[in-house]
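Q: Next come the chains, spelled out residue by residue.
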Amino acid sequence: MSDASSGPTVLELEHLTVRYGGVTAVRGLDLEVRRGEIVGLIGPNGAGKSTTLHAIMGAVSVEAGDVRVAGRSVRGRAPEAIARSGVALVPEGRRIFAELTVEENLRLGLSGRRSREGVEEAVEEVYGLFPVVREFGRRQAGALSGGQQQQLAIGRALVAGPELLLLDEPSLGLAPRVVDVVFDALAEIRRRGITVLLVEQRAQRTVAFADRTYLMANGEIRLTLGPDDANDTEAMVHAYLS
Amino acid sequence: MSGAVVGSIDAQTVVDAVGLGAVYALMAVGIGLVFGVLRLVNFAYGQIVMAGAYALAFTSQAGWPTWAGIAMCVVVTVAVSTVMDRLVFRPLRTQSPAVMLVTTFAVAFLLQNVALLIDVHDDTIGEPAASVASLNRAVTVWGVEIRKVTIVAVVVAVVSLGLLALLLTRTRIGLQMRAAATDFGTARLLGVRANTVIGAAVLLSALLAAAVAVILTVQNPLVSPDFALKDTIIVLVGVVVGGIDRLWTAMLGGFAIGFVTGVINGALPTDKTVFLPSVVFALVIVVLLIRPSGLFARGRTGLVERL
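Sequences listed follow chains R and P, in order.
Count along the first sequence from 1, then add 78; that gives the number in our numbering.
Count along the second sequence from 1, then add 6; that gives the number in our numbering.
Bound conformation, chain R alone:
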């Protein structure tokens, strides 16, 4: 992990501010993710975590500040352009296409690839990581269970061959056993050297898992935690309630 923290910067948020009408969802956020790192973002509902991910993807407009991916500003660019620059999002609620087959959902993920080469390998890698995606390939994606859909959503993001993977509450609404499957997959993704920014509600688990975790509240970072702080619930609760 020490080698990751000294790698080149993949994502840099500089004084990022996002407003919805009169409400400021994210206030002057500064954040940096280096190559190979897994960075967690936790905090109460409405803290601005998902908004931060949407701002990175260009899905919401940025009021002030900058978003840089691999040193280049992507502020103001269309979501598809950002996706094609090597950033993939696993959205909250999975957002799979229920009426398309599992295989078609996966193939849609290829739209974000920067190169046509290595497509088969990328798909095979996802099949290796999530055998269920291969097994139910011809089934309608809407017929899958929540856990299977989440695996499909992560697989769909991975086939794009992203340099940076953004995950928005991947364990939301899943049974504890299935949450283990998701975190096991994230561990495998870490082994493959993919940089991850993980938004989660499961605070302790995220802090223990990530190289570094930021606790957000009211649009700002309140606390920075390392894996050793996972049991420091007092500090977390204090920051959540502040």
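These are computed hints drawn from the structure, not numbers from a lab.
A couple of the hints might just be wrong.
Claimed, not checked - If you only want the chain R side, here are some residues facing chain P, beta carbon under 10 Å, derived:
#, residue
1, ALA159
2, ILE160
3, ARG162
4, PHE175
5, GLU182
6, ARG185
7, GLY187
8, SER189
9, ALA238
Only a predicted model underlies this, so the values are computations on that prediction, with no experimental measurement involved.
Glycine is no exception: its CB is placed at the ideal position from the N, C-alpha and C atoms.
Based on the hints, put chain P in the right spot on chain R.
A: Below, chain P alone, put in the same frame as chain R:
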């Protein structure tokens, strides 16, 4: 039929009704394709057809061969659709559906008046398109007189809709279009280019408009600025009756309203055909009262929920 006082539903009527249903199904799919990706009900679709019909008329008058006239018709519908997308739809993409619908009304009237200005150059309104008129001749099949254009309409509809189905299910752009029609926001987050998908929908819709222009011009070779206007209104109603949020329900709606219009037209006594729109729209009201989300839609749709 022309001499009959009392109409009746015979094989002739059914064949003609199927022909009309086929043309309206093509128009419904043309409208449905653009609606799918833009959530835009394009009232100006009829004017794209009208522009294509004028291309047929002018090339016919200039003595061009029929194939060249049809090629020009395709060029014109594609050009008008593309310009409409770039100048009107694209800047308004993020606006509400109501704003976009009203805008398409404005575009429709603008195009109609542009056509009028061009048409009156010879001091008459209406331009004949004689080159495709030969398709209006009839052939007799099992004692039923079938106009060649009816056969052409059905064949063109089946072939183009079959090709479209293949494109939507077997190609990358087709998959992207289906995804965009369901959830454009998520599709874009996956890297699906909005402009490419919308451009493809506009192009396919223009090609269908060209096919419709040829068939309607054969049936009615005098092209005027209000060409295809009445048909567009009927098809728009058919699309809503069928279920606008899906391509196949929109297509069935288009076919159904064309077929029913054809059958009622045949069934009504000749002196009562003036009541045709009233009968058709009364039926439409009844259908919408019973199935507000569409005759062929499954359950309640998001559109109804939103309203």
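Q: Each hint needs a verdict: does it hold in this structure or not?
A: Structure-based check of each hint:
Given hint, ALA159(R) at the interface with chain P, holds; its Cβ is 8 Å from that chain's nearest Cβ, closer than 10 Å. Given the 10 Å rule on beta carbons, the hint for ILE160(R) holds: about 9 Å separates it from the nearest Cβ of chain P. At a threshold of 10 Å, the smallest CB-CB gap from ARG162(R) to chain P is about 5 Å, leaving the interface hint in force. With a cut of 10 Å, the hint placing PHE175(R) at the interface with chain P holds, because the nearest CB-to-CB distance is about 5 Å.
Contact between GLU182(R) and chain P, as hinted, is supported at the beta carbon level, the nearest pair being about 6 Å apart and thus within 10 Å. For the restraint placing ARG185(R) at the interface with chain P, the shortest Cβ-Cβ distance is roughly 6 Å, inside the 10 Å limit, so the hint holds. At about 6 Å, the closest approach between the beta carbon of GLY187(R) and any beta carbon in chain P falls short of 10 Å, and the interface hint on this residue holds. With 10 Å as the threshold, the beta carbon of SER189(R) comes within range of chain P, its nearest partner Cβ sitting at about 4 Å, so the hint holds.
Hint status for ALA238(R) relative to chain P: holds, with the closest Cβ pair at about 6 Å, below 10 Å.
Every hint from the earlier list agrees with this structure, and none is contradicted.
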